[in-house]
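Undergrad: What follows is each chain in one-letter form.
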Amino acid sequence: MTHLASRQRSFSDVVVGEDLPSVEFPLTVYRLVVAAGGNRDFNSIHHNTAYAQATGAPEMYASTFFLMGMWERLVRDYIGPAGTIQSIRDFRMRKFNLVGSTVQVRGRVRDARLDGDRGIVTLEVESVVDGQVTVGPGTVEVTLPAAGAAR
Amino acid sequence: MSEDLKAPDWKAEWQPLAEAVGRDFSDRTVVFGADAVEPGTIRRYLEPLEIGCPIHYDAEAARAAGYPDIVAPYTATMVYSVAPMWRPGEPTVYESAGRDAQLARSPINNDDMPLGPKTTGFFATDISMEFLRPVTVGERVGRRGQRLLSCTPKQTSMGRGAFMTWESELVTDRGEVVARVRTGTYAYNPVQSEEEQP
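Chains as they are written, first to last, in my numbering: chain Z, 637 to 787; chain G, 4 to 201.
Treat the hints with care, as some may be off.
[As the list claims (entries may be wrong)] Heads up, incomplete: computed chain Z residues facing chain G, CB under 10 Å, no partners named:
{"no.": "1", "residue": "VAL651"}
{"no.": "2", "residue": "PHE678"}
{"no.": "3", "residue": "ALA693"}
{"no.": "4", "residue": "PRO717"}
{"no.": "5", "residue": "ILE721"}
[To be verified] To give a feel for the contact side, a few chain Z residues facing chain G, derived at Cβ under 10 Å:
{"no.": "6", "residue": "ARG667"}
{"no.": "7", "residue": "VAL670"}
{"no.": "8", "residue": "ALA672"}
{"no.": "9", "residue": "ASN675"}
{"no.": "10", "residue": "ASN684"}
{"no.": "11", "residue": "PHE701"}
{"no.": "12", "residue": "PHE702"}
{"no.": "13", "residue": "GLU708"}
{"no.": "14", "residue": "ARG712"}
{"no.": "15", "residue": "SER723"}
{"no.": "16", "residue": "ARG730"}
In short, the hints are calculated from the structure, not lab data.
The model shown is predicted, which means the values in this text are computed figures rather than measured ones.
Think of the CB as a built atom: it goes at the ideal place given N, C-alpha and C, for glycine as much as any other residue.
Hey, can you work out the whole structure from these sequences and the hints?
TA: Below, the structure written as structure tokens:
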């Protein structure tokens, strides 16, 4: 089976206004601990209920690194191996992404233009929990090969 | 005395930092992270995210896509600049057996905030990153600069403190700037528990 992120999208495939396939991240304690081990943000607010509550939060919650990685998952699945990420802007964390919730990351193509042999695409991305935006909406600017060629 | 009349006092404690907007609090040396970019740390970063793109696992796939070697995720670039919690020769960071005891020292903190009041709560509120290129296996990443771009005292549902924006750049061991980062933070002293994140 070919993984979604190993397929190469070319600029000619992009349709302004189209939605990216969304990705869901159920947040268990287990997953938050695995994420802390992977991104080395071991701040106790991300894996310790009592500590998180002592800082004023209702529960432990996903870290900035983990939440940014969720956006990269959505984007990488869309752009494929030869796509590049140029920038992530307005990654604003509006609400806690708490343990026991499911974060849905979704995106939409806002703009697309050609620059020589590469396409530059602006994606609008946001994270949502129970219908409320928790991160963003921000923009991720990516490049894609014009017609399936390498970068 | 009403809360409103007290308010200017706590805000005034932030004035020295507000007046320092524009200043780079670093000495411009590059502070490198604990680990070089290598396949194991890339894999562990990707595991909870379930990112399966082969450029992050397979050198041949990465080269086929135009990279010199296995590629670190862009959002992990900053992770590679995080300093170790402990180095050989340093005293222990685990000073207590208390269930929720914290490290004696942590690389992710706001302890180096040079001005303003002492706060106990701290978290990032927003980030913008510009990537010049991804880093690949074998490189090291460090952080350079700590320029304060804004400082706004504000009481929120989390407590009393200030929103700040800091600017820095991520640099490889060969001195190449690979990313520029603007990080918003909120440093505060808690007052009550609410679900809303300021």
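Undergrad: Any of the earlier hints contradicted here, and which numbers?
TA: The structure conflicts with hint 1 only, although it agrees with all the remaining ones.
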